[in-house]
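Residue numbers (my numbering), protein chains in the order written: chain V, 1 to 640; chain C, 1 to 176.
It should be emphasised that the hints constitute simulated quantities derived from the structure, not laboratory data. We put the CB at the ideal spot given by N, CA and C, even for glycine. Accuracy of the hints is not assured; some may be wrong.
[As the list claims (entries may be wrong)] Residues from chain C that face chain V, not an exhaustive set, calculated with beta carbons under 8 Å:
id: 1; residue: 10
id: 2; residue: 21
id: 3; residue: 25
id: 4; residue: 42
id: 5; residue: 45
id: 6; residue: 77
id: 7; residue: 78
id: 8; residue: 162
id: 9; residue: 165
id: 10; residue: 166
id: 11; residue: 169
id: 12; residue: 170
[As the list claims (entries may be wrong)] Now the in silico label distances, taken between C-beta atoms and shown as ranges:
id: 13; chain 1: C; residue 1: 43; chain 2: V; residue 2: 388; range: 39 to 45 Å
id: 14; chain 1: C; residue 1: 92; chain 2: V; residue 2: 534; range: 39 to 45 Å
id: 15; chain 1: V; residue 1: 33; chain 2: C; residue 2: 13; range: 34 to 40 Å
Residue strings, one per chain:
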Amino acid sequence: MIAEAGLIALWLAAALAFLQLALSALGLWGGKDELLGAVRPVAVTQGVLTAISFCALVALFLRSDMSVLLVASNSHSAKPWLYKFAGAWGNHEGSMLLWVTVMGLAGAAVALFERALRRDTHMATLAGQAAISLGFYAFLLFSSNPFARLSPAPANGQGLNPLLQDPGLAFHPPTLYLGYVGLSVAFSFAIGALLTRRVDAAFARAMRPWVLAAWVLLTLGITAGSYWAYYELGWGGWWFWDPVENASLMPWLAATALLHSVTVLATRDSLRAWTVMLAVIAFSMSMVGTFLVRSGILTSVHAFAVDPERGSFILALLAIYIGGALALFGWRVGAVREGATFRTVSRESALVMNNLLLCVILGIVLIGTLYPLMTEAFGHKVSVGAPYFDRVAGPLALALMLLMAVGPLLRWRQDQARVVAKRVAVPAVLLVLSLVVLLMVGAGTIGVLPLLGLAIAIPVGVASLAPLWKRNLLRTPLFTWGMVIAHLGCAVSLAGMACDSAFTVEKLVAARPGDTIRTAGWTLHFERIAPIAGDNWTALQADIRASRGGGAVMIKPQSRFFTLPPTTTSEAALLTRWNGQLYVVLGQEADAGRWQLRIWWKPFVTLIWLGGIMIALGGVLALIGRERRGWRHKWQKGEA
Amino acid sequence: MKRPLLLWVPLVAFVAVLLLFAGRLANPDDRVVQSRLIGQALPVFDLPAAASDRPALRSTDIGGGKPRLVNIFASWCLPCAAEAPQLMALRRAGVEIDGIAIRDARADVDAFLKKHGNPYTRIGLDARSTVQMALGSSGVPETFVIDGRGKIAHQHIGDIRADDVPKVLKQLEAAR
């Protein structure tokens, strides 16, 4: 019954999306103005229905209803409840349902809370949102029905991929989806503004919270995904330039550019056409990412429901929406008048540079990700990996960091180069000093990029605090705090990346229980290896006593074997200290009685994710600050 | 006049990417990696006997003027059992077949051959897949066609199906 109810709710929601599109189109362009009043309630009801449908799926997973095909093939009655819960979206159909649910709820929120935008742009935005949702409803209902029944029902079910049975990963994909959907809302705003030719500051202010929220979620999703890959895959790396990682990075890069350009548009009414273009690019990158992951046309460690039929469906959606949006852009944006102008030395032009650099990096990642496809079309098989991305994108990212340090110190509209030089004097001196020191200490032993990264991280960190200089900290607006913390987070993250590549010590040994291993100031005593059993797995566990000076700690890396489905995973043991992480992986049995142990000491590696969290926190503060100011203005207007 | 044209560039680039995607979806990658040794001489190896009633296998045993097959198999491999009748048919047609048993044990190989028939002249035991790797083979079963001078002429990945038998016979004829 629950499954049928969920399916009915989904069909109804799809019908309402169609109604929403028809009503707003007729109202806006058919001259039936009275119809527009019905659009908002329809959007809200649609959101509620998608939520009901998603709750139905979660209920089916929690009850382990094996008569539902999706539950039987992705869950198991012996699984811990958290993973039953997460199993609802840990598969293709469920994740698409989550996608339309978030989209429905976002549409409802746009309908309910957006008040500042002109009515016609608002309605056109809701029409755009309905059009996008319709495509995804069709995808779900015609090709990926999550509520399909299975007869006869099996007793137990197949189980969830053990790599995914991890609390971090239970919440990593939905965070990214939320981000993607946030970008779809920004996209709808852009379409709405193009349709009504109203690309202005009010439009930018309406779109900004969605871009900010999406960007925060993407940042968190990427940070969590990176940490998950770091400790679960047992390779000791934190970014692999895997196509799926790139698929999440590209929308983030576009959203970062959009975030900055939308601020220019909202504050100074400049960069009109460019902001619209970026909104289209950002959403198209999330669609391209979804397509690359789901269609399986690229080889990746994230084998995710590879299915050419689904691939064709997403490709069709991509062609319709993005192709349509770009055609609309070409057709309409010429009619958008140029906004306010600015001088070469100004915050605007720093932000334009930021946008250019981000877009070039985005292009580099996109080309690197698609290059294997392009060459294969001509009969060559290649794979593009870290050497390309590091070398090509790395220097640009460093340039971007330098720009990030200077940009916030510039005034809007125009500034004087001499005054700016004074403001950046301290960080510039620091930069030169740290470069000299590092060249003396590390030349030859540290690679060029990590060395530059280290040299840049400290002055950039200092410079990112400069906007707070000589200000009353309590009266500094929350969004300025947000910017400062996010920029500081970038510097912190950069420091972590550079330290990890410059100073990591790696050791691979074949050790017998009783052996003692010394590396990077640590003493590891391999005490024993023994089998242990968990809920739905068994494992070989090494007991290792690790000490550095005094105070020994037991660490227990495991080689885990899951029975359902049969898979082996390695559970690395991590020991976090203030200045780094000890990372130990238990490998295969080398020969009689000796076991492979991989040991890394990674100084300050945790800064990478700390920085990621700071960036997201900065985004949250900016979001709260902007929204609060918006409400206060409205309230004051109401008083007057 | 320059600006309007420029505005259509993103759409054109997007269409190019779409065509690339569509082309790839229409012709999915077969994901089969052929051995790089095709056309080259067999690598040198010396394997112990894998079955109690067949001699061991050395690379020097192969290539005595007559083309033959080297079949990579294992007693624990289901497709290998499915492939056995075709190998028996090839054997009856007069083809010389040598086997390499991967990660196997002699008792298991004996049981496998007793159950599914024994088309092999010699069988080597490759306990740690080292020879398999050297041959550029990535799974079981795989079959290599070796010409009379000991060069690898073809590689058949996966089990030999009934309708593959004439093709294999033709390849052996051509490798003479």
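Checked hints:
1. At its closest, the beta carbon of residue 10 of chain C sits 5 Å from a beta carbon of chain V; the interface hint therefore holds under the 8 Å criterion.
2. Interface restraint check for residue 21 of chain C: the shortest CB-CB distance to chain V comes to about 6 Å, inside 8 Å, so the restraint holds.
3. With a cut of 8 Å, the hint placing residue 25 of chain C at the interface with chain V holds, because the nearest CB-to-CB distance is about 5 Å.
4. Residue-level restraint check for residue 42 of chain C is violated (minimum Cβ-Cβ distance to chain V is 25 Å; threshold 8 Å).
5. Because the beta carbon of residue 45 of chain C sits about 21 Å from the nearest beta carbon in chain V, more than 8 Å, this interface hint is broken.
6. With 8 Å as the threshold, the beta carbon of residue 77 of chain C stays out of range of chain V, its nearest partner Cβ sitting at about 16 Å, so the hint is violated.
7. The interface hint given for residue 78 of chain C is broken, as the beta carbon of that residue sits about 15 Å from the closest beta carbon of chain V, more than 8 Å.
8. For residue 162 of chain C, the shortest C-beta to C-beta distance to chain V is roughly 28 Å, which exceeds 8 Å, and the interface hint is violated.
9. Violation of the interface hint for residue 165 of chain C is found here, the shortest Cβ-Cβ separation to chain V being roughly 30 Å, above the 8 Å cut-off.
10. Interface restraint check for residue 166 of chain C: the shortest CB-CB distance to chain V comes to about 29 Å, outside 8 Å, so the restraint is violated.
11. Restraint check, residue 169 of chain C versus chain V: the minimum CB separation of about 30 Å is more than 8 Å; hint violated.
12. Here the hint on residue 170 of chain C is broken, as its CB sits about 26 Å from the closest CB of chain V, past 8 Å.
13. Under the hint 39 to 45 Å, the C-beta atoms of residue 43 of chain C and residue 388 of chain V, about 32 Å apart, miss the expected range.
14. At about 53 Å, the beta-carbon gap between residue 92 of chain C and residue 534 of chain V misses the expected band of 39 to 45 Å.
15. At about 39 Å, the beta-carbon gap between residue 33 of chain V and residue 13 of chain C stays in the expected band of 34 to 40 Å.
The structure is inconsistent with the numbered hints 4, 5, 6, 7, 8, 9, 10, 11, 12, 13 and 14, although it conforms to all the rest.
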